[in-house]
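K.L.:
Chains as they are written, first to last, in the numbering used here: chain A, 1 to 135; chain B, 1 to 53.
By construction, these hints were calculated from the structure, which means they are not laboratory data.
One or more hints might be untrue.
[As the list claims (entries may be wrong)] Where chain A lies over chain B, by a calculated footprint (3+ residues, C-beta under 8 angstroms):
hint	segment
1	4-12
2	16-22
3	32-45
Ideal Cβ placement from N, Cα and C applies to all residues, glycine included.
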Amino acid sequence: MGARLITVSCDTHFTHLAWHTVEKQLKDVKFTMASDKTGELARTLGIYLEDAGLALRGTYVISPQGTLLFSEVNFLNVGRNVDELMRKFKAALYVAKKDEGIPPSWNEEGDLTLKPSAKMVGKVEEALANDGNPA
Amino acid sequence: MTETIQVGSAVPDFNLTTYEPSSGDFGEVSLADLKSSGKWTILFFYPADFTFV
Chain A
1 MGARLITVSC DTHFTHLAWH TVEKQLKDVK FTMASDKTGE LARTLGIYLE DAGLALRGTY
61 VISPQGTLLF SEVNFLNVGR NVDELMRKFK AALYVAKKDE GIPPSWNEEG DLTLKPSAKM
121 VGKVEEALAN DGNPA
Chain B
1 MTETIQVGSA VPDFNLTTYE PSSGDFGEVS LADLKSSGKW TILFFYPADF TFV
């Protein structure tokens, strides 16, 4: 989808190699594994735990222009849902192309979107029920 | 707490050393390179290797 997924932790690239080599669950995982050993990037993003020397489970979607369009931080022991991430990533891609609104029910391109206009004000329920057209 | 980056703002350039499972080699990745190749970037942070993700 024209995106580069990079996993990042505060381990070294040597540890990344060792983990990827040993852990059979990672056998088919081909994503770039980046090392933020000093925690500099995690600190910049506000997810570095100084006492532990670890980063929280942060997810960031950055546009080709370098703009942060989505961020989400989970606490240490809460895993992420990949479908949820993909929905938000697809939504970010879509609105980068078209100046439209993404309703909460949107899942992928082709689903109903809303075009902002004066007619839409106070008529979102009607528009959602009428193929995006405020009646 | 350091100042963080708000959604909608520019992410400052970064440069990280990487392990590339597809080639088995070490490498580098920078936001500047990703931007010049026209790609979207998804950063997926996790606490540590050898823990469950």
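K.L.:
If a hint holds in the structure, say so; if it doesn't, say that too.
P.N.:
Hint by hint, here is what the structure shows:
Under a criterion of three residues with beta carbons nearer than 8 angstroms to beta carbons of chain A, the stated coverage of the segment 4-12 of chain B is upheld, 9 such residues being counted. Coverage of the segment 16-22 of chain B by chain A holds [criterion: at least 3 residues with CB-CB distance below 8 angstroms; count 7]. Coverage of the segment 32-45 of chain B by chain A holds in this model, with 10 residues showing a Cβ closer than 8 angstroms to a Cβ of that chain against a need of three.
Of the hints listed earlier, there is not a single one the structure fails to meet.
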